[in-house]
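Undergrad: What follows is the residue order along each chain.
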Amino acid sequence: MTTWTLLIISVLTLAGFFLGRARAVSLSRAGSENLHSMPPYHGLLLAAMGLAAAAIATFVISLTSARDTLLMPAAAAVLGTAAIAVTYPRITAPFRARNRFESLVKIVLIACSGVAILTTIGIVLSVLLETVAFFREVSPFEFLFGTHWAPTSSPPSFGFIPLLVGTLLITFIAILVAGPLGLLSAIYMAEYASRQVRGVLKPLLEILAGVPTVVLGFFAALTVAPLIRNTGEGFGLVVASESALAAGLVMGMMIVPLISSLSDDIINAVPQTLRDGSYAMGATKSETIKRVVLPAALPGIVSAFMLAISRAIGETMIVVMAAGLAANLSFNPLTAVTTITVQIATLLVGDQEFDSAKTLSAFALGFVLFCFTLALNYVALRTVQKYREQYD
Amino acid sequence: MIDPFTAKRYRSERLFRAYGAAALAISVAFLVYLVVDIGIKAWPSFFENTVALEATLDPAKIDKANIAQGDFTGVMKDAIKAQFPEITARGELKKVTGLLSSGAGDDLREFVLANPALVGTTVKIDALLGDSADLFIKGNVEGSSLDEQEQGFLSSLRDKGLIRQHFATRFFTAGDSREAELSGLRGAIVGSLLTVLMTLSLSLPLGIAAAVYLEEFAPKNRWTELIEVNINNLAAVPSIIFGLLGLAVFINFMGLPRSAPLVGGLVLALLVLPTIIIASRAAFNAVPPSIKEAALGVGASHQQAVFHHILPLAMPGILTGTILGVARALGETAPLLMIGMVAFIVDVPKGFTEAATVLPVQIYLWSDLPEVAFQSRTAAAIIVLLVILFCFNAIAIYLRKRYERRW
Numbered sequence: 001m002t003t004w005t006l007l008i009i010s011v012l013t014l015a016g017f018f019l020g021r022a023r024a025v026s027l028s029r030a031g032s033e034n035l036h037s038m039p040p041y042h043g044l045l046l047a048a049m050g051l052a053a054a055a056i057a058t059f060v061i062s063l064t065s066a067r068d069t070l071l072m073p074a075a076a077a078v079l080g081t082a083a084i085a086v087t088y089p090r091i092t093a094p095f096r097a098r099n100r101f102e103s104l105v106k107i108v109l110i111a112c113s114g115v116a117i118l119t120t121i122g123i124v125l126s127v128l129l130e131t132v133a134f135f136r137e138v139s140p141f142e143f144l145f146g147t148h149w150a151p152t153s154s155p156p157s158f159g160f161i162p163l164l165v166g167t168l169l170i171t172f173i174a175i176l177v178a179g180p181l182g183l184l185s186a187i188y189m190a191e192y193a194s195r196q197v198r199g200v201l202k203p204l205l206e207i208l209a210g211v212p213t214v215v216l217g218f219f220a221a222l223t224v225a226p227l228i229r230n231t232g233e234g235f236g237l238v239v240a241s242e243s244a245l246a247a248g249l250v251m252g253m254m255i256v257p258l259i260s261s262l263s264d265d266i267i268n269a270v271p272q273t274l275r276d277g278s279y280a281m282g283a284t285k286s287e288t289i290k291r292v293v294l295p296a297a298l299p300g301i302v303s304a305f306m307l308a309i310s311r312a313i314g315e316t317m318i319v320v321m322a323a324g325l326a327a328n329l330s331f332n333p334l335t336a337v338t339t340i341t342v343q344i345a346t347l348l349v350g351d352q353e354f355d356s357a358k359t360l361s362a363f364a365l366g367f368v369l370f371c372f373t374l375a376l377n378y379v380a381l382r383t384v385q386k387y388r389e390q391y392d
Numbered sequence: 001m002i003d004p005f006t007a008k009r010y011r012s013e014r015l016f017r018a019y020g021a022a023a024l025a026i027s028v029a030f031l032v033y034l035v036v037d038i039g040i041k042a043w044p045s046f047f048e049n050t051v052a053l054e055a056t057l058d059p060a061k062i063d064k065a066n067i068a069q070g071d072f073t074g075v076m077k078d079a080i081k082a083q084f085p086e087i088t089a090r091g092e093l094k095k096v097t098g099l100l101s102s103g104a105g106d107d108l109r110e111f112v113l114a115n116p117a118l119v120g121t122t123v124k125i126d127a128l129l130g131d132s133a134d135l136f137i138k139g140n141v142e143g144s145s146l147d148e149q150e151q152g153f154l155s156s157l158r159d160k161g162l163i164r165q166h167f168a169t170r171f172f173t174a175g176d177s178r179e180a181e182l183s184g185l186r187g188a189i190v191g192s193l194l195t196v197l198m199t200l201s202l203s204l205p206l207g208i209a210a211a212v213y214l215e216e217f218a219p220k221n222r223w224t225e226l227i228e229v230n231i232n233n234l235a236a237v238p239s240i241i242f243g244l245l246g247l248a249v250f251i252n253f254m255g256l257p258r259s260a261p262l263v264g265g266l267v268l269a270l271l272v273l274p275t276i277i278i279a280s281r282a283a284f285n286a287v288p289p290s291i292k293e294a295a296l297g298v299g300a301s302h303q304q305a306v307f308h309h310i311l312p313l314a315m316p317g318i319l320t321g322t323i324l325g326v327a328r329a330l331g332e333t334a335p336l337l338m339i340g341m342v343a344f345i346v347d348v349p350k351g352f353t354e355a356a357t358v359l360p361v362q363i364y365l366w367s368d369l370p371e372v373a374f375q376s377r378t379a380a381a382i383i384v385l386l387v388i389l390f391c392f393n394a395i396a397i398y399l400r401k402r403y404e405r406r407w
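Protein sequence lines correspond, in order, to chains A and B.
With the numbering used here, the residue at position 54 of the first sequence is 54, and numbering never jumps.
With the numbering used here, the residue at position 325 of the second sequence is 325, and numbering never jumps.
Note that these hints are calculated values from the structure, not bench results.
Hints may contain errors.
Unchecked claim - Capping the alpha-carbon separation at 20 Å, the derived lysine to aspartate or glutamate pairs in DMTMM-like fashion look like this:
(1) A/K285 <-> B/D3
(2) B/K401 <-> A/E206
(3) A/K290 <-> B/E13
(4) B/K8 <-> A/E287
(5) A/K106 <-> B/E225
Just chain A, with the same shape it has in the complex (with noise of 0.2 Å):
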């Protein structure tokens, strides 16, 4: 029935174009009078009245039970044909086809920006609805303060301090791995880079970007995992298959490219007085880029710190690979810990019930998950888009 349903709205809004943008030039070939809008916003007029006629039609039976039934297919057609029948008649030179024509357009326009706005309620709804569910089973309390995490043991407990534990753990080895190189990287591109070696270092860093992540846990599990094993076991430390420090300088990895870029973007909009004003009173170009380029460039590199550090903790394909799946409380890097992202995707991937605890507690990390990014994500975007003013 779909296949027919749609073939008829194409036929219809077809149909409406050319019958609208006939009678426009019929009109201005006969009257004396002057057409206010050009032919074909006629029939573009016509054409959008059919179509939209025709699509609610064909939306509210498929709403209902009458989905797969010949229902469809005729009720769009007869919606539809009535819209053009209806405004068929008022075509007359006179009539502002045009203005009636951007407004519908105006509308769609203002409905797609729209989509944003609908997928963060979409977001929030989903989330927020199952997370509550999931606490009327398990007390908030156990949950945040709770040390141990076991939601397939039973009866199984749901302590989150483990998961935060290791997130935290992997989040900061990659920041102490990124941080550094990514800045370091930054300047040079920024300050001493002459515009050759800028113009072939920049894009193998988009490369390294671009790297899917799923790559990039193969490469953490399979090369970066034994090289670390080894190393330690040669140094006669114990080390775990999975651990820590692999997936975390991995990942450390993963976010140069992103605060190498955003830092590149804010030293450069450090105005060039700045620079000149030191060197004038003699220092040399890192003197000045130390004490003063970023000084003057700090809360736009710790908003990008920020954003690096909320894409680390909600990063989930190179920790689903390289990190463990128990739930260790510990500080150790060389330990297997887990993380929130690897939980929601070990406990909804494969057959699931929707009510049990265990799906649900998927979705209250899901919400932990989105807060602390959204917060993280919030509070960046703002210190930069402040600090752009203040040197526009």
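Keeping the supplied structure of chain A fixed, place chain B upon it in accordance with the hints.
TA: Chain B in isolation, oriented as in the chain A frame:
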């Protein structure tokens, strides 16, 4: 004559510069190491080994009237046994036939189905080796699980010159399989294609429309500001959250089919929409206001000025941003795990509502398998994904270079 203090300052200047260069060098070295390491792991998977055998198409085993039901696996087993006439013990014979892939019989079946006149004759055919034998021939002795006796049989076949290496077209034309040597990427590539098509057809019009409105028509008020803040924040929401959204809204609430490219495309469209909107707005911003003013000056309406003049000029920028967004969607895994695109699917998907998987998810699935042979397959799938992404980026860069205008 430089005084010691100045010399010290210059030294620290050089040191600081070296730190910056070193930081960049580390990033680049990491990238090179990553690609080379995966490339080395992947290389063997683009080739497969076969053993040249003479298969007797005995009419007793293969009914001329019903070729498809014939016992081709038996024929292949007999053919490889014929290479070792001195072996009679059951256990050893089993080891000999175990060298062949379980797909060898199917290959022969296809060959005979195409040439039915061959039944009753003896044909020369290259029979595919199993994954362990394949690994051994490729030199990965530790990875292959052959015992010494099996290694002996295989070596004697090799010494007779019967083993040949071919380019593994099967890797691109077959669907997924539990057997490493039979598995291929076709299903995943088609699934990725369908998903990306869905993503593109939704997010491009939506993104352009939203950008046009925000950049050209929106009044500066709280509502507009809310939308803007929203879009910027959505661009930084972790992708796995979009997976939760897809699971709760599209699958549980709207009842769309699980594991389908339709749902995957919807989720990814929402995921890349903010990126496309931001890129499109930047493209609109880059068009000088004089163009619009000239159009308005000769009597165009606001919408005519936008759609007839600004949009076409901004289009290369919009397309560049869109291609980069789609490339990101193509490499995205986590949200698709949530909506069940992780099933083991042998058949190549034929429509938007059929169960499918995509390239990154296929990589994830294979990387989880314990067989050593799948490690190399995973790496090869990664190389395929990276090549596709590289092409996308190359197109984007070409577009930017070709159509970029300085006003």
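Undergrad: Now, for every hint given, state plainly whether the structure supports it.
TA: How the hints compare with the structure:
1. Under the criterion of a C-alpha separation no larger than 20 Å, the hint pairing A/K285 with B/D3 is consistent with the structure, at around 18 Å.
2. This hinted pair checks out: B/K401 and A/E206 have alpha carbons roughly 16 Å apart, not beyond 20 Å.
3. In summary, the hint linking A/K290 to B/E13 is supported, as the alpha carbons are separated by about 11 Å, within the 20 Å threshold.
4. Distance check on the hinted pair: B/K8 and A/E287 sit about 12 Å apart at the alpha-carbon level, within 20 Å; holds.
5. With a CA separation close to 18 Å, the supplied pair A/K106 and B/E225 stays within the 20 Å bound.
The structure agrees with every numbered hint stated previously.
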